[in-house]
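Novice: Sequence:
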Amino acid sequence: MINHVQGELPLAVVEGSPLTQLPEDLYIPPDALEIILDAFEGPLDLLLYLIRRQNLDIIQINVAEITRQYMGYIALLESMRFELAAEYLVMAAMLAEIKSRALLPRPVGADEDEDHDPRAELIRRLLEYEKVKMSAEAIDEMPRVDRDFHVAEAGQPEID
Numbered sequence: 000m001i002n003h004v005q006g007e008l009p010l011a012v013v014e015g016s017p018l019t020q021l022p023e024d025l026y027i028p029p030d031a032l033e034i035i036l037d038a039f040e041g042p043l044d045l046l047l048y049l050i051r052r053q054n055l056d057i058i059q060i061n062v063a064e065i066t067r068q069y070m071g072y073i074a075l076l077e078s079m080r081f082e083l084a085a086e087y088l089v090m091a092a093m094l095a096e097i098k099s100r101a102l103l104p105r106p107v108g109a110d111e112d113e114d115h116d117p118r119a120e121l122i123r124r125l126l127e128y129e130k131v132k133m134s135a136e137a138i139d140e141m142p143r144v145d146r147d148f149h150v151a152e153a154g155q156p157e158i159d
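Here the sequence shown stands for residues 0 to 159, where the numbers follow numbering that gives the first Met the number 0.
These are computed hints drawn from the structure, not numbers from a lab. No residue lacks a Cβ here, since even glycine has one placed at the ideal position from N, Cα and C. No false leads were slipped in.
Below are the SDA-like pairs computed for lysine to any residue, each with C-alpha atoms no more than 25 Å apart in a straight line:
| # | residue 1 | residue 2 |
| --- | --- | --- |
| 1 | Lys132 | Pro29 |
| 2 | Lys132 | Met93 |
| 3 | Lys130 | Leu10 |
| 4 | Lys132 | Tyr87 |
| 5 | Lys132 | Glu86 |
| 6 | Lys130 | Tyr87 |
| 7 | Lys132 | Gln68 |
| 8 | Lys130 | Leu21 |
| 9 | Lys132 | Asp147 |
| 10 | Lys132 | Val62 |
| 11 | Lys132 | Gln53 |
| 12 | Lys130 | Arg143 |
| 13 | Lys132 | Ala92 |
| 14 | Lys132 | Gly71 |
| 15 | Lys130 | Ile27 |
| 16 | Lys132 | Ala95 |
| 17 | Lys132 | Ile27 |
| 18 | Lys130 | Asn54 |
| 19 | Lys132 | Arg51 |
| 20 | Lys130 | Asp30 |
| 21 | Lys130 | Glu140 |
Beta-carbon label-pair distances, calculated as ranges:
| # | residue 1 | residue 2 | range |
| --- | --- | --- | --- |
| 22 | Pro17 | Asn61 | 19 to 27 Å |
| 23 | Leu102 | Arg146 | 44 to 52 Å |
| 24 | Pro104 | Pro22 | 28 to 36 Å |
| 25 | Pro28 | Ala63 | 23 to 31 Å |
| 26 | Gln155 | Met70 | 53 to 61 Å |
| 27 | Glu23 | Ser134 | 13 to 21 Å |
Work the whole structure out from these sequences, hints included.
Specialist: Printed below as a string of structure tokens:
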């Protein structure tokens with residue numbers, strides 16, 4: 000007899016290890032892009048977070064596969080939420096730039112100038128993206144006419 004233990008499903012798999020809890024400082028929207036790679040399976044937001052925190056090496060990430068999966072995601076989002084698709088495109092492009100710079104040899108005597116470091120730019124954009132995402136969530140929680148309540152319309156009574 001085989002015993003099956005139903006445990007908590009992982010939110011992601013990072014380098015073969017299941018991740019069952021998100022970091023406290025990370026929110027992942029329910030419609031976030033889920034990607035499947037050799038070194039990572041889970042939401043793109045989490046992948047970017049792990050790269051930013053240097054918990055995952057960008058060189059292990061197949062950016063071409065992210066792009067392929069992203070293009071499929073774009074096809075689904077095209078008519079619904081183009082702004083979100085555009086934001087993911089920017090992040091995918093930045094991942095490609097960071098990886099290409101990490102793989103190219105650096106000139107001898109080159110300074111690690113943070114203004115030219117694409118990782119610093121990615122971190123800046125991720126922080127900006129998080130602010131926008133949190134603002135969108137706050138706005139979504141506000142009551143909306145015709146979603147959360149309806150305005151009563153009363154006309155004047157007809158006088159005969």
